[in-house]
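**Student:** Using the sequences and the accompanying hints, generate a full structural model.
Protein chains in written order, with my numbering: chain H, 265 to 484; chain A, 15 to 289.
Treat the hints with caution; some may be incorrect.
Stated by the list, open to error - With a straight-line Cα cutoff of 27 angstroms, these simulated DSS-like cross-link-like pairs (lysine-lysine) come out:
id, chain 1, residue 1, chain 2, residue 2
1, H, Lys333, A, Lys18
2, A, Lys155, A, Lys212
3, H, Lys333, H, Lys376
4, H, Lys339, A, Lys212
5, H, Lys376, A, Lys155
Said to hold, decoys possible - Some chain A residues near chain H, calculated using beta-carbon distances under 8 angstroms:
id, residue
6, Ile34
7, Gly36
8, Tyr50
9, Ala54
10, Arg61
11, Glu179
12, Ala279
Because the hints were derived from the structure by calculation, they are not lab data.
Beta carbons are placed, not taken as given, at the ideal position from N, Cα and C, and that holds for glycine.
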Amino acid sequence: MSVVPIPGQEPGARFLILRGIFTENPVFRLALSLCPAVAVTNTIANGVALGIAVLFVQVLSSVTVTLVKGFIHPKVRIPVFTIIIAVWVSVIDMVLAAFAPAVYAQVGLYVKLIVAFAIIISRLEVFASRHPVLPTFWDGLGMGLGFLFALVTISAMRELLGNGSLLGIALVPTKPLLFFALPAGGFFTIALLMALFNYVERRWFGGTGTSSGGGGGHAA
Amino acid sequence: MSEKQREVLRIAWSMTLACIAGSAVLGVVFVATERYAEAARAQGERRAITELLSLDSTATVVEIRQYLSLEPRAVVYRADGADGGVELRFSLDGDLLERQPLAATAGDETDGLEPLGRIFVAEENGAPAGFVIEGASRGYKNVIRFFVALDRNFEVAGVRVVEHEEDPGLGAEVATPWFQGQYLGRAAESLDALEVTKDPMPEDWRAALDQLARMPEADWEDAYGPLAGRMREGPIHAVSGATISSEALTRGVRTTVDHFRRRWALIAPHLGGAS
Numbered sequence: 265m266s267v268v269p270i271p272g273q274e275p276g277a278r279f280l281i282l283r284g285i286f287t288e289n290p291v292f293r294l295a296l297s298l299c300p301a302v303a304v305t306n307t308i309a310n311g312v313a314l315g316i317a318v319l320f321v322q323v324l325s326s327v328t329v330t331l332v333k334g335f336i337h338p339k340v341r342i343p344v345f346t347i348i349i350a351v352w353v354s355v356i357d358m359v360l361a362a363f364a365p366a367v368y369a370q371v372g373l374y375v376k377l378i379v380a381f382a383i384i385i386s387r388l389e390v391f392a393s394r395h396p397v398l399p400t401f402w403d404g405l406g407m408g409l410g411f412l413f414a415l416v417t418i419s420a421m422r423e424l425l426g427n428g429s430l431l432g433i434a435l436v437p438t439k440p441l442l443f444f445a446l447p448a449g450g451f452f453t454i455a456l457l458m459a460l461f462n463y464v465e466r467r468w469f470g471g472t473g474t475s476s477g478g479g480g481g482h483a484a
Numbered sequence: 015m016s017e018k019q020r021e022v023l024r025i026a027w028s029m030t031l032a033c034i035a036g037s038a039v040l041g042v043v044f045v046a047t048e049r050y051a052e053a054a055r056a057q058g059e060r061r062a063i064t065e066l067l068s069l070d071s072t073a074t075v076v077e078i079r080q081y082l083s084l085e086p087r088a089v090v091y092r093a094d095g096a097d098g099g100v101e102l103r104f105s106l107d108g109d110l111l112e113r114q115p116l117a118a119t120a121g122d123e124t125d126g127l128e129p130l131g132r133i134f135v136a137e138e139n140g141a142p143a144g145f146v147i148e149g150a151s152r153g154y155k156n157v158i159r160f161f162v163a164l165d166r167n168f169e170v171a172g173v174r175v176v177e178h179e180e181d182p183g184l185g186a187e188v189a190t191p192w193f194q195g196q197y198l199g200r201a202a203e204s205l206d207a208l209e210v211t212k213d214p215m216p217e218d219w220r221a222a223l224d225q226l227a228r229m230p231e232a233d234w235e236d237a238y239g240p241l242a243g244r245m246r247e248g249p250i251h252a253v254s255g256a257t258i259s260s261e262a263l264t265r266g267v268r269t270t271v272d273h274f275r276r277r278w279a280l281i282a283p284h285l286g287g288a289s
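**Tutor:** Here it is as structure tokens:
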């Protein structure tokens, strides 16, 4: 999977989407946005809802940035990116509250926090501000899907081990390892899955470890 | 103007433009979604009230809004009704100052009025069916907003947290049916002495409360009546690791019901057609 795009040519849709989900997965490979990946993943329902919200914010912000990048003064690009993200997050917040009150009751608390997700601003700075619209769209989609995939994997493992249920349906009558439903268990789950991802990457693709080539540092 | 000054102006202009464009988008979306958000909230509240009091479709619900007026000092009650509603003004000592049709006053004007929560009075086939009182209490992180339902005999028909920001897995457990089920069936006057204990909840009681969300309330009373009756004599069992949230909700329920009982005794005789 170590596909390198030919210099001077824009990478294709398939490459960009697969890169977001696997080789540069935001959580497991870039180690970005770990806080929310722990905070919201105690049940699959929460993980899916927030993952979809992030997917929308990522795609919409990326496309907005690439469309207006000519008008943004380079010295204030980060504040402007933040405004763009904040606008889209607020729009999604308001739309959810109006048209999906049941979902909003579940994840409304977390949606506002998407403003501070490192993965989104990192993609704006690393990709959207330097590429045309179409590749930016695919990159945003890939990263959003990658984040959704990570949240679903983490929350499935935590819900199964911590609550003994999947999608709210109890599989065993007790809570096998409540520890996994608590925040500390979230860190362990991510560590285990990250190790698995690294192992698979090295074993089959000859790749390197987490956060070696990715953009951005360790942040929220 | 030097090149440096022009550069600063360009930066400021770029930032300003981004802010103006962002605010414009937010304004448009807010105006477009506000009605629906308000309707969704109202619908959620109406559903919660119907479920809490197990009302049928013939039931009518009258909303009474309570306010504290700072200048002049008074407690104001505004009740909707078929006759256009009524506004009651009481002094802080509980003397009726004024009673007038709601339409004659400013209607929904709330300047200088501090909201004190709402009361929903339900009627079924012309007979009172119960009350739902809105309350709020300071929780671990932010205010916990909740509804307390009382049936016509002034027994708690249910407690429902409608908004909170407690920790998931810990304080957020106070918003679950099993925790809220502990308030069920307690007489309003017994709440004054209601306490929270950190003692572990008896396992049979916990198992019974877990069933509460899975069967109609009447069936549940049939199945667990004696046990529930015994447990209602005792305290509320705190969520382990979340005593603050458990106490916050219990304190809130106690004060809300206490205030409601005093206020209802005051206003009920004056509501007339609106009750």
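**Student:** Look at each hint and say if it fits the structure.
**Tutor:** Tested hints:
1. Of the pairs offered as hints, the one joining lysine 333 (chain H) and lysine 18 (chain A) holds, with about 22 angstroms between alpha carbons and a cut-off of 27 angstroms not exceeded.
2. Of the supplied pair hints, the one linking lysine 155 (chain A) and lysine 212 (chain A) holds, its CA atoms being roughly 20 angstroms apart against a limit of 27 angstroms.
3. Proximity of lysine 333 (chain H) to lysine 376 (chain H) is assessed by CA-CA distance (about 24 angstroms); at most 27 angstroms being required, the pair is judged to hold.
4. Straight-line distance between C-alpha atoms of lysine 339 (chain H) and lysine 212 (chain A) comes to about 56 angstroms, which puts the hinted pair past the 27 angstroms bound.
5. About 16 angstroms separates the Cα atoms of lysine 376 (chain H) and lysine 155 (chain A), which keeps this hinted pair within 27 angstroms; it holds.
6. Interface hint status for isoleucine 34 (chain A): violated, as the beta-carbon distance to the closest one in chain H is roughly 10 angstroms, over 8 angstroms.
7. A cut of 8 angstroms between beta carbons decides the hint on glycine 36 (chain A): the least distance to chain H is about 4 angstroms, and the hint holds.
8. Taking 8 angstroms as the C-beta contact cut-off toward chain H, the hint placing tyrosine 50 (chain A) at the interface holds, the least distance being around 4 angstroms.
9. Below 8 angstroms, beta-carbon pairs count as interface contacts, and alanine 54 (chain A) has one with chain H at about 4 angstroms; its hint therefore holds.
10. Evaluation of the arginine 61 (chain A) hint against chain H yields a violated restraint, the C-beta minimum of about 10 angstroms exceeding 8 angstroms.
11. Interface restraint check for glutamate 179 (chain A): the shortest CB-CB distance to chain H comes to about 6 angstroms, inside 8 angstroms, so the restraint holds.
12. A least Cβ separation of about 35 angstroms between alanine 279 (chain A) and chain H goes past the 8 angstroms threshold, and the interface hint is therefore violated.
The structure does not agree with the numbered hints 4, 6, 10, 12 stated previously, though it agrees with the rest.
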